[in-house]
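Peer 1: Protein chains in written order, with our numbering: chain U, 22 to 256; chain W, 13 to 600.
If you are wondering where the hints come from, they were derived from the structure by calculation, not from laboratory data. Careful, some of the hints might be misleading.
[Claimed, not checked] To give an idea of the interface, some chain U residues facing chain W are shown, with a C-beta separation under 8 angstroms as derived from the structure:
{"hint": "1", "residue": "I88"}
{"hint": "2", "residue": "A127"}
{"hint": "3", "residue": "A151"}
{"hint": "4", "residue": "G242"}
[Stated by the list, open to error] Beta-carbon label-pair distances, calculated as ranges:
{"hint": "5", "chain 1": "U", "residue 1": "D187", "chain 2": "W", "residue 2": "N143", "range": "54 to 60 angstroms"}
{"hint": "6", "chain 1": "U", "residue 1": "D246", "chain 2": "W", "residue 2": "D395", "range": "45 to 51 angstroms"}
{"hint": "7", "chain 1": "U", "residue 1": "Q128", "chain 2": "W", "residue 2": "E58", "range": "39 to 45 angstroms"}
{"hint": "8", "chain 1": "W", "residue 1": "A279", "chain 2": "U", "residue 2": "Q118", "range": "33 to 39 angstroms"}
{"hint": "9", "chain 1": "U", "residue 1": "L137", "chain 2": "W", "residue 2": "A92", "range": "54 to 60 angstroms"}
{"hint": "10", "chain 1": "U", "residue 1": "Q253", "chain 2": "W", "residue 2": "N277", "range": "35 to 41 angstroms"}
[To be verified] Here are the simulated SDA-like cross-link-like pairs (lysine to any residue), alpha carbons at most 20 angstroms apart as the crow flies:
{"hint": "11", "chain 1": "U", "residue 1": "K130", "chain 2": "W", "residue 2": "K293"}
{"hint": "12", "chain 1": "U", "residue 1": "K244", "chain 2": "W", "residue 2": "E372"}
{"hint": "13", "chain 1": "W", "residue 1": "K502", "chain 2": "U", "residue 2": "G242"}
{"hint": "14", "chain 1": "U", "residue 1": "K248", "chain 2": "W", "residue 2": "I417"}
{"hint": "15", "chain 1": "U", "residue 1": "K222", "chain 2": "W", "residue 2": "A436"}
{"hint": "16", "chain 1": "U", "residue 1": "K222", "chain 2": "W", "residue 2": "N421"}
{"hint": "17", "chain 1": "W", "residue 1": "K101", "chain 2": "U", "residue 2": "A127"}
{"hint": "18", "chain 1": "U", "residue 1": "K192", "chain 2": "W", "residue 2": "P427"}
{"hint": "19", "chain 1": "U", "residue 1": "K183", "chain 2": "U", "residue 2": "Y199"}
{"hint": "20", "chain 1": "U", "residue 1": "K244", "chain 2": "W", "residue 2": "H443"}
{"hint": "21", "chain 1": "W", "residue 1": "K101", "chain 2": "U", "residue 2": "H126"}
{"hint": "22", "chain 1": "W", "residue 1": "K439", "chain 2": "U", "residue 2": "K183"}
{"hint": "23", "chain 1": "U", "residue 1": "K222", "chain 2": "W", "residue 2": "H443"}
{"hint": "24", "chain 1": "W", "residue 1": "K293", "chain 2": "W", "residue 2": "V16"}
{"hint": "25", "chain 1": "W", "residue 1": "K70", "chain 2": "U", "residue 2": "L229"}
{"hint": "26", "chain 1": "U", "residue 1": "K244", "chain 2": "W", "residue 2": "D370"}
{"hint": "27", "chain 1": "U", "residue 1": "K243", "chain 2": "W", "residue 2": "K507"}
{"hint": "28", "chain 1": "U", "residue 1": "K222", "chain 2": "W", "residue 2": "E435"}
{"hint": "29", "chain 1": "U", "residue 1": "K243", "chain 2": "W", "residue 2": "P427"}
{"hint": "30", "chain 1": "U", "residue 1": "K183", "chain 2": "W", "residue 2": "R428"}
{"hint": "31", "chain 1": "U", "residue 1": "K222", "chain 2": "U", "residue 2": "S251"}
{"hint": "32", "chain 1": "W", "residue 1": "K101", "chain 2": "U", "residue 2": "S251"}
{"hint": "33", "chain 1": "W", "residue 1": "K70", "chain 2": "U", "residue 2": "T140"}
{"hint": "34", "chain 1": "U", "residue 1": "K244", "chain 2": "W", "residue 2": "K101"}
Every residue, glycine too, gets a C-beta built ideally from N, C-alpha and C.
Given next are the chains, with one letter for each unit.
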Amino acid sequence: MADSAIPRRGFLKGAGLAGAALATNEAQAQAPAATTTVAKSPPAPEALLTLTATEAAFLSAAYDTFIPADALSPSGTDCGLVVFWDRELAGAFGYGQGLYRDGPHAQGKPEQGYQLPLTPRAYFAAGIKAANAYAKKTRGKEFDRLAPADRDAMLHEMDAGKAEFDGMNAKMFFEALYSSAMEGFFSDPIHGGNRGLASWKMVGYPGLPATYARTAEEYRGKKVDLKPRSIQDFI
Amino acid sequence: MATVLKPVDVCIVGLGWSGSIMARELTKAGLSVVALERGADRTPAEDFVFPYIRDELKVRVRNGLMLDTATETLSMRNAASELALPMRKWEVFSLGDNVGGAGSHWNGITWRFTPSEFVLRSHLEERYGKNAIPADMTIQDWGVNYDDLEPHYDRFEKLCGTSGKAGNIKGKIMEGGNPFEGARSDEYPNKPLIMSQAGLMMTKAARELGLHPFPTPASNSSTPYTNPEGCQIGGCQYCGHCEYFGCEANAKASPNICLHPVLFNDAKFERRTLSYVSNLKFDSASRRIRSVVYVDRRTGAEYEQPAELVILCAYPFNNVLLMRLAGVGKPYDPATGEGVIGKNYCYQTNSNVAAFVDEEINPFIGTGVSPAVVDDYQGDNFDHGGLGFFGGGYIAPGVSGGRPIQVRNTPPGTPRWGSAWKEATAKWYNHWFPLSVHGTSYANRGNYLDLDPTYRDAIGRPLVRMTFNYPENDRKMSVFMTNKANDIAKAMGAKTTVPVPRTSNFGASNGAASHHTGGVIMGKDPKTSALNRYLQSWDCDNLFVMGGAAFPQNAGHNPTGTIGALAYWSAKAIVEQYLKSPGALVKA
Numbered sequence: 022m023a024d025s026a027i028p029r030r031g032f033l034k035g036a037g038l039a040g041a042a043l044a045t046n047e048a049q050a051q052a053p054a055a056t057t058t059v060a061k062s063p064p065a066p067e068a069l070l071t072l073t074a075t076e077a078a079f080l081s082a083a084y085d086t087f088i089p090a091d092a093l094s095p096s097g098t099d100c101g102l103v104v105f106w107d108r109e110l111a112g113a114f115g116y117g118q119g120l121y122r123d124g125p126h127a128q129g130k131p132e133q134g135y136q137l138p139l140t141p142r143a144y145f146a147a148g149i150k151a152a153n154a155y156a157k158k159t160r161g162k163e164f165d166r167l168a169p170a171d172r173d174a175m176l177h178e179m180d181a182g183k184a185e186f187d188g189m190n191a192k193m194f195f196e197a198l199y200s201s202a203m204e205g206f207f208s209d210p211i212h213g214g215n216r217g218l219a220s221w222k223m224v225g226y227p228g229l230p231a232t233y234a235r236t237a238e239e240y241r242g243k244k245v246d247l248k249p250r251s252i253q254d255f256i
Numbered sequence: 013m014a015t016v017l018k019p020v021d022v023c024i025v026g027l028g029w030s031g032s033i034m035a036r037e038l039t040k041a042g043l044s045v046v047a048l049e050r051g052a053d054r055t056p057a058e059d060f061v062f063p064y065i066r067d068e069l070k071v072r073v074r075n076g077l078m079l080d081t082a083t084e085t086l087s088m089r090n091a092a093s094e095l096a097l098p099m100r101k102w103e104v105f106s107l108g109d110n111v112g113g114a115g116s117h118w119n120g121i122t123w124r125f126t127p128s129e130f131v132l133r134s135h136l137e138e139r140y141g142k143n144a145i146p147a148d149m150t151i152q153d154w155g156v157n158y159d160d161l162e163p164h165y166d167r168f169e170k171l172c173g174t175s176g177k178a179g180n181i182k183g184k185i186m187e188g189g190n191p192f193e194g195a196r197s198d199e200y201p202n203k204p205l206i207m208s209q210a211g212l213m214m215t216k217a218a219r220e221l222g223l224h225p226f227p228t229p230a231s232n233s234s235t236p237y238t239n240p241e242g243c244q245i246g247g248c249q250y251c252g253h254c255e256y257f258g259c260e261a262n263a264k265a266s267p268n269i270c271l272h273p274v275l276f277n278d279a280k281f282e283r284r285t286l287s288y289v290s291n292l293k294f295d296s297a298s299r300r301i302r303s304v305v306y307v308d309r310r311t312g313a314e315y316e317q318p319a320e321l322v323i324l325c326a327y328p329f330n331n332v333l334l335m336r337l338a339g340v341g342k343p344y345d346p347a348t349g350e351g352v353i354g355k356n357y358c359y360q361t362n363s364n365v366a367a368f369v370d371e372e373i374n375p376f377i378g379t380g381v382s383p384a385v386v387d388d389y390q391g392d393n394f395d396h397g398g399l400g401f402f403g404g405g406y407i408a409p410g411v412s413g414g415r416p417i418q419v420r421n422t423p424p425g426t427p428r429w430g431s432a433w434k435e436a437t438a439k440w441y442n443h444w445f446p447l448s449v450h451g452t453s454y455a456n457r458g459n460y461l462d463l464d465p466t467y468r469d470a471i472g473r474p475l476v477r478m479t480f481n482y483p484e485n486d487r488k489m490s491v492f493m494t495n496k497a498n499d500i501a502k503a504m505g506a507k508t509t510v511p512v513p514r515t516s517n518f519g520a521s522n523g524a525a526s527h528h529t530g531g532v533i534m535g536k537d538p539k540t541s542a543l544n545r546y547l548q549s550w551d552c553d554n555l556f557v558m559g560g561a562a563f564p565q566n567a568g569h570n571p572t573g574t575i576g577a578l579a580y581w582s583a584k585a586i587v588e589q590y591l592k593s594p595g596a597l598v599k600a
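Take the sequences, apply the hints, and build the full model.
Peer 2: Structure (C-alpha cells):
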C-alpha cells in the first residue's frame with residue numbers, strides 16, 4: 022500500500038484549523054504555492070507528550086467520526102480531543118494511578134470489571150495497534166486512511182461486538198475509546214479538550230461559577246442563556 | 013519491630029463521621045483520644061477551593077477525592093462458587109479516604125430509618141406470619157429501636173444543620189412533611205432548600221396519584237447556620253457539584269466543618285494521618301484489645317498504640333478486615349450460616365426511570381439531594397401481602413447537577429455518535445432527568461465478606477473479599493418500585509420514559525450507590541450478631557465498632573443519618589455506663 026508508507030505528519034495544526042491545514046498540505050503537494058487557499062501561514066503543529074504519530078492519527082480519525090464538524094461544533098480534533106487524551110495518557114492516570122495492578126491476572130466475568138495488567142497508556146497502544154490491524158484485514162487500510170463512511174462502519178462493528186481483534190476485546194476497547202472522546206469533548210477546557218467551550222455551548226451548560234443561591238427560583242423552569250465559563254476564567 | 017507508644021485512653025480508627033463524633037464526645041468526657049486515619053489531612057480551605065473543585069474530570073471521573081485502589085481495594089465475585097478478582101479500579105462504586113472520610117464528599121441526604129426497619133424480622137413475622145420470610149433472607153432485629161435513637165438523630169441533624177420539613181412531631185402528622193416517618197422531638201434545624209423544576213414536577217404528579225411528596229431532608233444548609241458546637245455552616249449555592257465533591261461554600265455538612273474546628277483545637281485530641289492500621293492486639297483471655305498496630309505511610313515505620321478503649325470507625329470493609337485480622341468474633345460461614353464476622357453484607361438496590369420532558373430542567377442548578385421525594389413505598393410502608401417480596405424504597409428526581417461528561421441522555425433509538433447524536437444531545441440535555449429509586453437491600457445467606465486468599469493491599473493485608481449478588485427478593489422489589497417510578501414519570505407528562513429495574517447481576521457494568529452495610533452487625537444475640545445494642549463487641553469488652561458495618565440489613569433510606577445517630581447513641585453508653593464500670597454493657 023503506497024499511501025500507508027506516507028508518514029503521518031502535520032495532522033494537528035492547531036485548534037480550529039486542522040482541516041484547513043491538511044487541505045493546504047495536499048494543495049501544496051499538487052500545485053504551486055501561489056494557489057494555496059490559506060493566506061496566513063498555518064499554526065505550528067502541537068507537540069505531543071506520549072502519543073506516536075500513528076496513534077494520534079488513529080485517535081483523530083475516531084474522534085472526528087464521533088464528533089464531526091457541523092453547525093453544532095467543530096470536529097473532535099479541532100476541539101482538542103487528541104491533545105486532551107495525549108495529556109491524560111502521559112500523566113498519572115495514563116501510567117496507572119488509581120489502578121490496582123497486582124497479579125495474578127485472570128479474565129473473570131464482565132461483572133468483575135477491568136482485569137488487564139495494562140495501564141491506560143499501554144492499553145491504548147495495544148488497542149490502537151489491534152484496531153489498525155483489523156482495519157487493514159477487513160478494509161485494506163489502517164483506520165485513519167479509511168474513508169469517513171468506512172471509519173463509521175468499523176466503529177459500529179466494534180460497538181456492536183461484531184469486530185474480532187487479535188488478542189483484544191474490541192468492544193471493551195471501543196468503550197474506552199468512546200469514553201475518552203466524551204471526556205475530552207465535555208470536560209473543562211483546562212484539560213486540553215472542549216476548546217472554545219464548544220460542547221458546553223452546544224448543550225447549554227453554563228459551567229462556572231455555578232452559584233445559583235439567588236437565582237435558583239428566578240431561573241426555575243426557564244431557559245437560561247448564560248455565557249459558559251471555564252476554570253481558567255477564574256484564576 | 014513496632015515502636016510502642018505512650019498509652020492513651022482511647023484509640024479511634026478512621027476519622028469520618030463516626031470517628032469525629034466519638035472523638036468529640038469522649039474528649040468532652042475528659043479522655044485522651046488519638047485518631048488514626050489512613051488518608052491524608054483534608055481541609056475545605058485547602059482542598060475544596062473554587063474554581064478548582066468544579067472540575068468534573070478530575071474530581072468525579074478520575075475519583076480525585078477517593079481512595080487509590082493501588083493502595084487498597086476489594087476483591088469481588090457474585091457467588092461463593094466463583095473466583096473473586098480484585099476491583100482494579102472503581103467502576104460499580106468508589107470509596108473515599110482522608111480526614112472526613114466519605115462525610116466530606118457525600119451528597120448530604122440525611123434520613124432517619126423508619127421505625128419498623130429496626131425490628132424488621134419481628135415486624136414482618138408479626139404482620140405476614142412466621143413462614144412469610146424466605147429461608148435465605150437472614151434479616152434481623154437491630155437490638156435498638158427508633159425511640160432509643162430519636163434523640164441522637166435529632167442531635168446529628170442539628171450538628172449538620174439539616175434542611176427539611178418534619179412530617180411527624182411527637183405523633184402529630186405535619187402537613188408537607190413525611191407522614192411515614194417516626195415521631196420526631198423537633199422540627200429540622202433549617203427550612204427546606206429551594207425546590208427545583210424537577211422537584212415541582214414530581215411533587216405535582218405524585219399528589220395527583222394520591223402519594224405524599226415532601227422535600228428530601230438535606231444536610232446542604234438552606235441558610236447560613238451555627239451548629240450547637242459553635243461551628244459555622246454556609247448557605248447552599250445550588251452549584252451542582254455535591255456528591256463526590258467537597259463543598260466550597262461550607263454548606264454541605266461534613267466532619268471537616270461541623271466538628272473538626274473544635275475537635276482539632278482540643279488538647280486532649282490528636283490525629284495521626286497516613287496511619288494505616290495493620291492489626292489489633294487482642295487478648296482473648298481478658299477480652300480486651302491491648303493496642304492498635306499501625307504503619308506510618310510516610311516512613312513505613314510500624315507503631316503500637318496501647319489504649320484503654322478502641323473504637324473502629326473505619327469504612328465497613330476495614331472494620332470487617334480488622335475484626336478478622338485481630339481474631340475477634342467468629343468468622344461467618346455461609347455454608348452453615350454460623351459465625352458473625354462478615355455476615356449480612358448488604359448494598360443498596362437502586363434503579364431509575366429516565367424521563368424525557370418538555371420543561372426546562374436546568375440540571376446544573378442543583379443541590380446534593382434529590383429535591384422532592386415520596387416515601388409511600390418505603391420499607392413496609394405499604395402492604396406486601398401477595399407481592400412475593402419484602403422491602404421498598406423512596407422515589408425522587410435524581411437531579412443533583414448537570415455536569416456534562418456524565419449527566420446527559422438521549423431518547424432510545426438515538427445513535428451514539430455523529431451529527432444526529434450531537435443534535436439529540438443538544439436537544440435533550442436540558443429536557444430529561446432520572447426518577448431514581450433508592451431501595452432496600454435485605455440480607456441474604458450467600459452475601460458476605462471475608463478475606464481474599466490471594467490478593468493483598470499496599471501494606472500487605474489481605475483484601476476483603478466481597479461475595480454479593482442482588483437476591484431474588486430485591487430484584488422483584490426493584491421491578492415493582494421501578495414500575496411505580498414509571499407511573500410517576502408518566503403522570504408528569506413525560507413523552508418518553510425508560511425504566512431500568514435492577515434485574516441483572518451486581519457488578520462493574522451497573523454502578524449505583526456507594527452504600528455498604530453489615531459485616532459487623534449489631535443485635536440481641538451473640539450467636540447471630542457481632543455487637544450488642546450499644547455497638548460493643550460481644551467478645552471484647554473494650555472494643556466498639558461504628559458505622560454502616562453495624563446495620564443488620566440496609567434500609568431504603570441513605571445510611572448517614574443512622575450512622576450519625578448510632579455514634580451518638582454508643583458514645584452516650586460509653587460515657588454514662590462503660591466508663592463507670594468497664595465491662596460488657598449487655599450480659600450475653
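Peer 1: Each of the hints needs a verdict: does it hold here or not?
Peer 2: Hints, verified against the model:
| no. | hint | in the structure |
| --- | --- | --- |
| 1 | I88 | holds, 7 angstroms |
| 2 | A127 | holds, 6 angstroms |
| 3 | A151 | violated, 20 angstroms |
| 4 | G242 | holds, 5 angstroms |
| 5 | U:D187 with W:N143: 54 to 60 angstroms | holds, 57 angstroms |
| 6 | U:D246 with W:D395: 45 to 51 angstroms | holds, 49 angstroms |
| 7 | U:Q128 with W:E58: 39 to 45 angstroms | holds, 42 angstroms |
| 8 | W:A279 with U:Q118: 33 to 39 angstroms | holds, 38 angstroms |
| 9 | U:L137 with W:A92: 54 to 60 angstroms | violated, 25 angstroms |
| 10 | U:Q253 with W:N277: 35 to 41 angstroms | holds, 37 angstroms |
| 11 | U:K130 with W:K293 | violated, 38 angstroms |
| 12 | U:K244 with W:E372 | holds, 6 angstroms |
| 13 | W:K502 with U:G242 | holds, 19 angstroms |
| 14 | U:K248 with W:I417 | holds, 19 angstroms |
| 15 | U:K222 with W:A436 | holds, 14 angstroms |
| 16 | U:K222 with W:N421 | holds, 17 angstroms |
| 17 | W:K101 with U:A127 | holds, 15 angstroms |
| 18 | U:K192 with W:P427 | holds, 16 angstroms |
| 19 | U:K183 with U:Y199 | holds, 16 angstroms |
| 20 | U:K244 with W:H443 | holds, 11 angstroms |
| 21 | W:K101 with U:H126 | holds, 14 angstroms |
| 22 | W:K439 with U:K183 | violated, 30 angstroms |
| 23 | U:K222 with W:H443 | holds, 16 angstroms |
| 24 | W:K293 with W:V16 | holds, 12 angstroms |
| 25 | W:K70 with U:L229 | holds, 15 angstroms |
| 26 | U:K244 with W:D370 | holds, 11 angstroms |
| 27 | U:K243 with W:K507 | holds, 19 angstroms |
| 28 | U:K222 with W:E435 | holds, 12 angstroms |
| 29 | U:K243 with W:P427 | violated, 28 angstroms |
| 30 | U:K183 with W:R428 | holds, 16 angstroms |
| 31 | U:K222 with U:S251 | holds, 12 angstroms |
| 32 | W:K101 with U:S251 | violated, 28 angstroms |
| 33 | W:K70 with U:T140 | holds, 18 angstroms |
| 34 | U:K244 with W:K101 | violated, 38 angstroms |
The earlier numbered hints that this structure contradicts are 3, 9, 11, 22, 29, 32, 34.
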